[in-house]
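Q: Each chain is listed here by its residues.
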Amino acid sequence: GNSVTQMEGPVTLSEEAFLTINCTYTATGYPSLFWYVQYPGEGLQLLLKATKADDKGSNKGFEATYRKETTSFHLEKGSVQVSDSAVYFCALTPSGGSNYKLTFGKGTLLTVNP
Amino acid sequence: DVKVTQSSRYLVKRTGEKVFLECVQDMDHENMFWYRQDPGLGLRLIYFSYDVKMKEKGDIPEGYSVSREKKERFSLILESASTNQTSMYLCATRGGGASQETQYFGPGTRLLVL
Numbered sequence: 169g170n171s172v173t174q175m176e177g178p179v180t181l182s183e184e185a186f187l188t189i190n191c192t193y194t195a196t197g198y199p200s201l202f203w204y205v206q207y208p209g210e211g212l213q214l215l216l217k218a219t220k221a222d223d224k225g226s227n228k229g230f231e232a233t234y235r236k237e238t239t240s241f242h243l244e245k246g247s248v249q250v251s252d253s254a255v256y257f258c259a260l261t262p263s264g265g266s267n268y269k270l271t272f273g274k275g276t277l278l279t280v281n282p
Numbered sequence: 015d016v017k018v019t020q021s022s023r024y025l026v027k028r029t030g031e032k033v034f035l036e037c038v039q040d041m042d043h044e045n046m047f048w049y050r051q052d053p054g055l056g057l058r059l060i061y062f063s064y065d066v067k068m069k070e071k072g073d074i075p076e077g078y079s080v081s082r083e084k085k086e087r088f089s090l091i092l093e094s095a096s097t098n099q100t101s102m103y104l105c106a107t108r109g110g111g112a113s114q115e116t117q118y119f120g121p122g123t124r125l126l127v128l
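Protein sequences, first through last, are from chains A and B. Here my numbering is used: the first residue of the first sequence is 169, the next is one more, and so on. Here my numbering is used: the first residue of the second sequence is 15, the next is one more, and so on.
If you are wondering where the hints come from, they were derived from the structure by calculation, not from laboratory data. Note that the structure is a prediction, hence the values are computed from the model and not measured. Treat the hints with caution; some may be incorrect.
To be verified - Quick list of in silico lysine-lysine cross-link-like pairs, BS3-like style, CA-CA up to 25 Å: (1) B:Lys71 to A:Lys274; (2) A:Lys269 to B:Lys67; (3) B:Lys32 to B:Lys71; (4) A:Lys269 to B:Lys69; (5) A:Lys228 to B:Lys17; (6) B:Lys85 to B:Lys71; (7) B:Lys85 to B:Lys17; (8) B:Lys17 to A:Lys269; (9) A:Lys269 to B:Lys84; (10) A:Lys269 to B:Lys71.
Unchecked claim - Simulated DEER-style distance windows between Cβ atoms: (11) A:Lys236 to B:Asp52: 30 to 36 Å; (12) B:Gly30 to A:Glu244: 45 to 51 Å; (13) B:Tyr24 to A:Glu244: 24 to 30 Å; (14) A:Glu231 to B:Pro53: 38 to 44 Å; (15) B:Ser79 to A:Glu184: 47 to 53 Å.
Positions of the beta carbon are idealized from the N, C-alpha and C atoms, including for glycine.
Whenever a hint applies, use it, and build me the whole structure from the sequences.
A: Below, the structure written as structure tokens:
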């Protein structure tokens, strides 16, 4: 079956530090890959996505590149802010067909200190 | 913007009560989902619906049922609430077609079963 593995954290950084959250996946074919973010007390919001190999998703200074050869979709940001403190989820949905299920990683809590 | 609303942000119920969680979306999306979110376990799919009156079990359907009488509304029902159903419940929607992979989430309902 499909699965997503992401670094569990928690991750604590100082403001302006570089962020990497690792995410690897297991799936057949070419799934679509997502990063969702959950701010305290809120639901999940789509942060970025990539739908085919070598695509780079980007939003709000965050980036992730779909690497088919390493089955990875690592999240990076060059300079984090306090407002980036949240839980980050990596997820995939299978390619094609009628199976629209999202498979999530367990989430990574990021805390950014001033 | 997609708007997904959930009937309550916080809910406290007693063991054995019948509990209804409501989700409403305003984007005419065919697909709707119910997840529960627990620390260390991430998000797990309970049920989803791909059309009115259509439903499919997700990964953890035991103890839950759903209802989709209208396209915009998807209800999660706990027939007899138990303490192990204390959790955060998240509703999500997505459009039809392979090109619309993004799921949009509501703010969540935090349920406490005493």
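Q: Decide, hint by hint, whether the structure agrees.
A: Evaluated hints:
1. B:Lys71 to A:Lys274: It holds: about 21 Å lies between the C-alpha atoms, which stays within 25 Å.
2. A:Lys269 to B:Lys67: The hint holds at about 18 Å.
3. B:Lys32 to B:Lys71: The hint holds at about 20 Å.
4. A:Lys269 to B:Lys69: holds (13 Å)
5. A:Lys228 to B:Lys17: Within the cut-off at roughly 21 Å; holds.
6. B:Lys85 to B:Lys71: Answer holds: Lys85 (chain B) to Lys71 (chain B) is near 18 Å, not above 25 Å.
7. B:Lys85 to B:Lys17: With Cα atoms ~14 Å apart, Lys85 (chain B) and Lys17 (chain B) stay inside 25 Å; holds.
8. B:Lys17 to A:Lys269: holds (20 Å)
9. A:Lys269 to B:Lys84: holds (21 Å)
10. A:Lys269 to B:Lys71: Given that 25 Å is the threshold and the Cα spacing comes to 11 Å, the pair holds.
11. A:Lys236 to B:Asp52: 30 to 36 Å: holds (31 Å)
12. B:Gly30 to A:Glu244: 45 to 51 Å: holds (48 Å)
13. B:Tyr24 to A:Glu244: 24 to 30 Å: Hint violated: Cβ distance 35 Å, outside 24 to 30 Å.
14. A:Glu231 to B:Pro53: 38 to 44 Å: Given about 28 Å between the Cβ atoms, the range is violated.
15. B:Ser79 to A:Glu184: 47 to 53 Å: This hint holds: roughly 49 Å between Cβ atoms.
Hints 13 and 14, counting from the list given before, are not met by this structure.
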